[in-house]
Structure formats: structure tokens, C-alpha cells
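K.L.:
With these hints in hand, go ahead and build the complete structure from the sequences.
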Amino acid sequence: ETGVTQSPTHLIKTRGQQVTLRCSSQSGHNTVSWYQQALGQGPQFIFQYYREEENGRGNFPPRFSGLQFPNYSSELNVNALELDDSALYLCASSLASGEYNEQFFGPGTRLTVL
Amino acid sequence: AQSVTQPDIHITVSEGASLELRCNYSYGATPYLFWYVQSPGQGLQLLLKYFSGDTLVQGIKGFEAEFKRSQSSFNLRKPSVHWSDAAEYFCAVGALGGYQKVTFGTGTKLQVIP
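These protein sequence lines map, in sequence, to chains V and E.
First residue of the first sequence: 1, per my numbering; consecutive thereafter.
First residue of the second sequence: 115, per my numbering; consecutive thereafter.
Because the hints were derived from the structure by calculation, they are not lab data.
On a predicted model such as this, the values are computed, not experimentally measured, just so you know.
One or more of the hints may lead you astray.
[Stated by the list, open to error] Residues on chain V that point at chain E, a partial pick, calculated with CB under 7 Å:
#	residue
1	P43
2	F105
3	P107
4	G108
Backbone N, C-alpha and C define an ideal beta-carbon position, used for all residues, glycine too.
P.N.:
Right, dumping it as C-alpha cells:
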């Protein structure tokens, strides 16, 4: 069974650019969540996708957007990058079944905005 | 709204000593509670979880946690700390409400001295 994978591992962008981060869910999982972890902080919930639809969102502006594909892989897109977007971005997959199910986290993508 | 408080930002213990990391949560119903560990530059690894049942939960690497509803606490313990336990520890509360949402605390960084 393959775990959650993310790419790239590290990324450097400049302010105003756009970035796409990718996540491959654990086999059999239909839900993916994205989190932002700033330095010295706990992860903050960005949004969640279930069967290709966004079904929950945290306190993040619309320039943070996402996609989930039929194979349940996912992308996080951030437009008009700001310096404060520098963080570790984590994705987590789970199987939504009406009950609470554990989320499995990937290793993260470290984004640096200069 | 759910929230998690980890009052200790940084803890130092001697190798072989016991450990207790504090966590207090706020949630209106029975919570789903988690402890995660994060080594430098790594993603999150689940140590243990509480969904229901026995309030003393055993996890990996010799960790345990006790759910105390009356105190809204879910403290993590280990009887004898190893140098490899040095990492950052996050307490988290999960909820079901249209989507699965996990709220993390700000973390406790554990330093282990010889």
C-alpha cells in the first residue's frame, strides 16, 4: 500500500508568482485535505476535497484554490504569492465513510517566497 | 468552534526521565483527539488517537495519552524518554460536520539531554 506522496519537496518562488503543489492520496482514499504550516506553528486547515468537490474551507483567501482528480490525486494552487505564503504545505488523505476517519499525512512541500 | 491549546512551547527532559506533554481542547461534543509527532523537515506521524471507549490510549513508540472529559484534556505521556524522541509534538482535535476538519495546537518542542 502506497502512502501519501507530495511533489515537489522544495520550491522557491518570487512574490507575485503562481505555484502548483501536487499530492497523491493513499490508495482507496476519496478525501484530501490541505494544510499550511508556517515556521514554528501548527498546521492550519486550508480546504478539503471529497469526490472532486470542495466541501470545506478554512480562513484562506480565494487565491488559494485546489483540484481533486478522478484518481483522487490533488493540486493546491496559490496565485499572487506573498512573502507570508512561505510555509510547509501538507496534504492528508482519508476515506470518508460517514464516520470520522483518520487522515494520513504526506511529507509536505516546503515553499519559500522571496 | 473547536480549538486546541498546548501551553508548553518548549520542554527539556533528560534521557530516561518521564515525560508529560499537556493538551487542552475546546469542542462542544465528544471530540476525536490525536497526537502527532514531527521531526525536523518531516511530515506528521500519528502517535495515537482517541475516538471513544477506554480513556487511556496506547500508541506507538511507547507513548500513551489519557482523555479527561472533566478537564478537557488529552495529555501525552511516556515513562522513559529516548534521545530519538526529540521532535515537535502536536495535539489535534477532529470533528465531523459536513466535512472532516482537524484543528492543531501550536506544538511543543521536546529537547532530550543526555
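K.L.:
Look at each hint and say if it fits the structure.
P.N.:
Status of each hint after checking the structure:
{"no.": "1", "hint": "P43", "in the structure": "holds (5 Å)"}
{"no.": "2", "hint": "F105", "in the structure": "holds (4 Å)"}
{"no.": "3", "hint": "P107", "in the structure": "holds (4 Å)"}
{"no.": "4", "hint": "G108", "in the structure": "holds (5 Å)"}
Against the hints set out earlier in the document, no violation occurs for any number.
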